[in-house]
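Full structure from sequences and hints, please.
Residue numbers (our numbering), protein chains in the order written: chain G, -5 to 300; chain X, -5 to 300; chain W, 18 to 287; chain Z, 18 to 287.
Careful, some of the hints might be misleading.
On the chain G side, residues computed to face chain W include the following (Cβ under 10 Å) [said to hold, decoys possible]: (1) Phe22; (2) Tyr28; (3) Ala48; (4) Pro49; (5) Ile58; (6) Asn73; (7) Pro215.
Chain X residues, not near chain G, derived (Cβ > 10 Å throughout) [what the hints assert, rightly or not]: (8) Cys(-1); (9) Leu2; (10) Ser8; (11) Leu9; (12) Ala29; (13) Pro49; (14) Val51; (15) Asp77; (16) Val139; (17) Gly149; (18) Ile154; (19) Gly181; (20) Pro219; (21) Glu246; (22) Glu274.
Think of the hints as simulated: they come from the structure by calculation, not from any bench.
Predicted, not measured: the structure shown is a model, and the values here were computed from it.
We put the beta carbon where it would ideally sit given N, CA and C, even for glycine.
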Amino acid sequence: MSEACPDLSVRIGSLVLPNPVMTASGTFGYGLEYADICDLSRLGAVVIKAATVAPRVGNRPPRIVETAAGMLNAIGLQNPGADAIIAEKLPELAGFGVPIIANLAGECVDDYVLLADKFAACGHVAALELNISCPNVEGGMAFGVCPEMTAELVGSVRAITDLPLITKLSPNVTDITEIAVAAVTAGSDALSMINTLLGMSIDVRRRRPLLGNATGGLSGPAIRPVAVRCVWQVYDVVDVPIIGSGGIMCVEDALEFIMAGASAVAIGTANFVNPLAGTEILDGLVDYCQSNGIKDISEIVGVAHG
Amino acid sequence: MSEACPDLSVRIGSLVLPNPVMTASGTFGYGLEYADICDLSRLGAVVIKAATVAPRVGNRPPRIVETAAGMLNAIGLQNPGADAIIAEKLPELAGFGVPIIANLAGECVDDYVLLADKFAACGHVAALELNISCPNVEGGMAFGVCPEMTAELVGSVRAITDLPLITKLSPNVTDITEIAVAAVTAGSDALSMINTLLGMSIDVRRRRPLLGNATGGLSGPAIRPVAVRCVWQVYDVVDVPIIGSGGIMCVEDALEFIMAGASAVAIGTANFVNPLAGTEILDGLVDYCQSNGIKDISEIVGVAHG
Amino acid sequence: MLSTECELLSNQLVAPDHYVMQILAPEIARASLPGQFVHLRIPRTMDPLLRRPLSVMLADKVHGHLRLLVRAAGRGTEIIVALPSGASVDLLGPLGSPFPMPDEIDGGSDKDVLLVAGGVGVAPLVCLADAMRSLDDTPYIRSMFGASTEDMLVCWTELAARSDEFSVATEDGSAGEEGLITEVLAGQLERGHARVVYGCGPAAMMAEVARMSAEAGVPCYCSFEQRMGCGVGACLSCAIGAAGGGYLRVCKDGPVFNAEQVDWEAIRDE
Amino acid sequence: MLSTECELLSNQLVAPDHYVMQILAPEIARASLPGQFVHLRIPRTMDPLLRRPLSVMLADKVHGHLRLLVRAAGRGTEIIVALPSGASVDLLGPLGSPFPMPDEIDGGSDKDVLLVAGGVGVAPLVCLADAMRSLDDTPYIRSMFGASTEDMLVCWTELAARSDEFSVATEDGSAGEEGLITEVLAGQLERGHARVVYGCGPAAMMAEVARMSAEAGVPCYCSFEQRMGCGVGACLSCAIGAAGGGYLRVCKDGPVFNAEQVDWEAIRDE
Ligand SMILES: Cc1cc2nc3c(=O)[nH]c(=O)nc-3n(C[C@H](O)[C@H](O)[C@H](O)COP(=O)(O)OP(=O)(O)OC[C@H]3O[C@@H](n4cnc5c(N)ncnc54)[C@H](O)[C@@H]3O)c2cc1C
Ligand SMILES: Cc1cc2nc3c(=O)[nH]c(=O)nc-3n(C[C@H](O)[C@H](O)[C@H](O)COP(=O)(O)OP(=O)(O)OC[C@H]3O[C@@H](n4cnc5c(N)ncnc54)[C@H](O)[C@@H]3O)c2cc1C
Ligand SMILES: Cc1cc2nc3c(=O)[nH]c(=O)nc-3n(C[C@H](O)[C@H](O)[C@H](O)COP(=O)(O)O)c2cc1C
Ligand SMILES: Cc1cc2nc3c(=O)[nH]c(=O)nc-3n(C[C@H](O)[C@H](O)[C@H](O)COP(=O)(O)O)c2cc1C
Ligand code: FES
Ligand code: FES
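This is the structure we're talking about:
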């Protein structure tokens, strides 16, 4: 058993993250909300809530409902718009010294290009995550379910920035490998998966959908087997790093994704259950590596493929 | 509040079931295994484990693993073959006076036609369920993810039998309504949804997939929000009855599906947790109707659509 | 804000489906202000998965005890109220914006403070009354408590003991006035001696309380509920309509809002 | 087969991670035979969701008590062993095919019966020994119990008390012979006086027990484990390889199998 500190760093395109544990977009706000309970500087990265070009008020409530070992959300991309985020949130978050990844959501290719431009220019973000898979806005999934549109979108953003590009994939497709290949071929430096599964819940007493938006995105431990399967499938067809997410609650769950092929993990719903989930999982990974003689976490990426 | 016995009967093509609570294929064997604990004659129908033309030994173990509020299975369609089922299982099950629905699984259109022929000829089955969505055999999902193939398959079986035809849909598709419409247009009298979600789980200690088959089908409460969403979407585009399944554990869950648009429900994983789930849910539906003044259960089918 | 595993010291049925839970949580008890809440979960289980927001009814800063009043309203709270004493609960808190104290409100310091409680909405008002009694300049507290029936006047003694005057209304007349508590409030407001109204209860009750207070020109603060994810302002789950359009976060901007801040129409429609 | 909610009378730690649970379940206790199991779940929670199979270690038919020996092996059993006495458990059982009694086996009625236990595999063998002692024609019972270390010889007194001879082996030599229990079995088989071997323990141990018994020409019955769904033969989850190809259901065709029925290669590879 080696007691030396294992190398946990992860490379995503030109970016090197100090460790593979990041927060999932939309579940950790702009990081600041958790600053007085969580040591942000220890995280591999903070992925901020999706930014749109114009401010969005979001969907009508209720926006959330617990389901068996999971939750549905239909926030509807509420955010103050890219300019306000860049001006009011990022400087403070940057002060914590944690790499920031901006999650971008648009309605057309031009939106994404404009967003990428703004965030690249602001100087505070380490990478861009293209959210082509949010199920909670009209048309929000159109890119994520079609390989051609995915390629066009990724290619257009690729053309205007050198920032590392991450494409976030939806599991609500017949064949996720098709979309993955399209994104990578068009220049995505990494893939992030999975966004939420499209689901819904009905209020039996009131005989109507529980969420104001009727349908929402299912997250949490309930979806972990689907997420692990997606990572497993995509690992076989691409050569870029995968950021795994979907129901990661503890270090064993994180290891499941890593062994399936993820180079990094994003912690989502778990933050609500335990605001220290991210740093505890990081501690757990260090422990695991030390007690299993792993010098570099990359040794176990995809190891379950045999 | 009406105390009169509500009308729970459900029509599927030419078939009228006494009530909407059936068992889901593969979770209730051939009914006989539960005969000494459950009053089979009270069920709306027993859907038997998938039958194939030739006997199948099934996948290598482990075939099952519990996940958060769900389970993965990769049984691999183990069954003694249609002839043995017809000769050795159906006569005894028929003796309980419960409608029997045969679940058919083939590798090509001819397999399904042959199976339909055999089960139609045996005289013991009330309807046929075409399983075009089993994720646990090589190519087992090919039909279920392609509208053209679905249509060809359903049309071919439709051509040779007058038995009510139910098509069982997979949730592992980009747009389930497309497949649903294809099946109905080709002559399906009803739709059954959902089959399991494709998932996997990794044994972190042994660093390899937990299931012998690597991937498996996710069922149980974890998937209920996805299943309810599928029923909700399909209800809007077809005019045939929908048999809802996916994590139904209690009467509230059954009502959720009914209000989303299901005319009947199939109880799956819940049988493992509580072998009396089916009859308890039936009792619960009667209670619900009585205490809400519902004379015919059809009054609340799809009611959540407003 | 703290996240700690705490011992459930006792858990007592106080009315059908209503329990008072006493929890050992010294730091949270010391830090909490009236109107704030804790976000509670049962450790090591995923059923329920998420935390549940519960108002602090009393924070005993000396002994480090928190007292919560919990109504079994659904699957999650049913599992929570079934916990035996000695069990562990995980608390995140104190969270949210507290009630403003009367001296922070422009309303005339010689006038009375009105507290209007409905059902479990009594909990944060007990905490508020308790805090007001230890102010240097304790206001005159008139409390009102409404419920469907006598049984549902849960923990009324806790509120009564901390009020100068205390009235009750039940819909079936089994205790106090027969009718809605807002009718009692109407009488109080007519007296023209109210400085501020604090309310917590069902949305319909609070809407009426807010409307009447506005009509009487009295500032009104209510504590709101919404389904929550994070509880710390990060996930935007807990939105309620804002008066000027857009949404407020109950967990962070609230749960206490000035009645003028919220869009009562939207809340009623939800 | 019955499905009933039962009271957990007591739950005692007997070794690190090992608990003896006593459950009031009169009908199941009365009906159960050695080698059968109960399928246990905690009512009203979905974590864990499925039942867990546990062998009956003792069925007190007079008082209606069942005694189970449970090892906390993973998430589900960890939650189960943490249940306080007085808690409810839901049992489905008795399930599965029991051990055949010696008189049903063709092996020479004057010879001895050998019991080979490894770890928690002791549980069904205690039940078997108990049943054999109340046969009209009680056989001579030689029991063997192997574990990694003395601590892990859980409930050894239960087995010893019901055996005519009892030996122990531990891998670290902390109790009995140093080494594997199969070495003890080898000595017993060499004596040439064995009528039947009953085994329960880790797969590798049972494979060796089966091989040695076959070599000695002695019938051998082992109790197997596999992950289970239904527990009643319906779902085909609990497959283990059959000697002639294909699969057997541990829950219905087993858990007790004649060693010749199973495909030991396949079991080892799993
Ligand atoms: C700031 C705040 C303070 C609260 N203080 C108390 C308190 O002191 N005592 C108390 O008993 N309850 C309090 N509640 C309400 C309590 O949080 C809910 O009753 C609880 O979350 C319901 O969970 P459940 O799983 O039992 O209900 P579910 O099964 O989810 O639903 C049952 C019912 O509860 C409602 N509900 C569900 N989640 C919430 C939620 N987060 N907020 C409000 N309503 C919800 C639903 O609309 C539904 O009608 C408070 C809520 C908030 C937001
Ligand atoms: C007929 C039968 C009788 C049994 N009798 C006993 C007994 O008397 N005492 C006892 O402590 N255990 C017994 N077991 C084993 C017990 O059922 C498992 O340890 C338990 O199901 C593990 O659940 P878990 O959630 O804790 O483990 P998991 O977290 O699911 O897994 C932990 C470990 O347990 C193994 N495991 C998981 N499920 C099963 C299963 N169904 N059967 C066997 N191994 C499994 C896994 O391979 C893994 O190594 C018996 C099993 C069977 C099939
Ligand atoms: C409340 C909530 C809001 C979310 N918002 C976003 C978002 O703005 N952009 C995005 O790409 N993903 C969003 N997600 C998806 C998560 O980033 C994550 O991919 C998903 O929840 C699965 O991970 P989990 O199961 O660990 O939560 C959101 C998830 C939740 C629960
Ligand atoms: C162990 C197991 C075996 C199954 N076998 C079949 C099958 O043979 N044919 C089929 O159409 N569906 C099969 N299913 C799917 C179920 O019929 C059902 O559609 C699915 O499990 C969702 O319902 P549930 O969540 O209530 O279990 C199987 C499910 C399980 C858990
Ligand atoms: S609950 Fe997350 S923002 Fe309020
Ligand atoms: S567990 Fe279902 S067949 Fe054995």
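Do the hints match the structure? See the list:
1. Phe22: Since the shortest Cβ distance to chain W is 6 Å, the answer is holds.
2. Tyr28: holds (6 Å)
3. Ala48: With a minimum Cβ separation of about 13 Å from chain W (threshold 10 Å), the hint on G/Ala48 is violated.
4. Pro49: Hint holds; G/Pro49 Cβ to chain W Cβ min 9 Å, cut 10 Å.
5. Ile58: Check passed: Cβ of G/Ile58 comes within 4 Å of chain W, closer than 10 Å.
6. Asn73: Cβ of G/Asn73 sits 8 Å from chain W, so the hint holds.
7. Pro215: holds (6 Å)
8. Cys(-1): About 21 Å separates X/Cys(-1) from the closest Cβ of chain G, which puts it past 10 Å; holds.
9. Leu2: holds (17 Å)
10. Ser8: holds (30 Å)
11. Leu9: holds (27 Å)
12. Ala29: holds (29 Å)
13. Pro49: Holds, since 29 Å exceeds 10 Å.
14. Val51: Non-interface label on X/Val51 holds, nearest chain G Cβ at 23 Å vs cutoff 10 Å.
15. Asp77: X/Asp77 clear of chain G: closest Cβ-Cβ about 34 Å, beyond 10 Å.
16. Val139: violated (5 Å)
17. Gly149: Fine: 21 Å to the nearest Cβ keeps X/Gly149 off the interface.
18. Ile154: Label holds. Min Cβ-Cβ 29 Å, cutoff 10 Å.
19. Gly181: holds (24 Å)
20. Pro219: Not fine: 3 Å to the nearest Cβ puts X/Pro219 too close to chain G.
21. Glu246: violated (5 Å)
22. Glu274: It holds; X/Glu274 is separated from chain G by about 16 Å at its closest Cβ, greater than 10 Å.
Violated hints, in rising order: 3, 16, 20, 21; the structure is consistent with all others.
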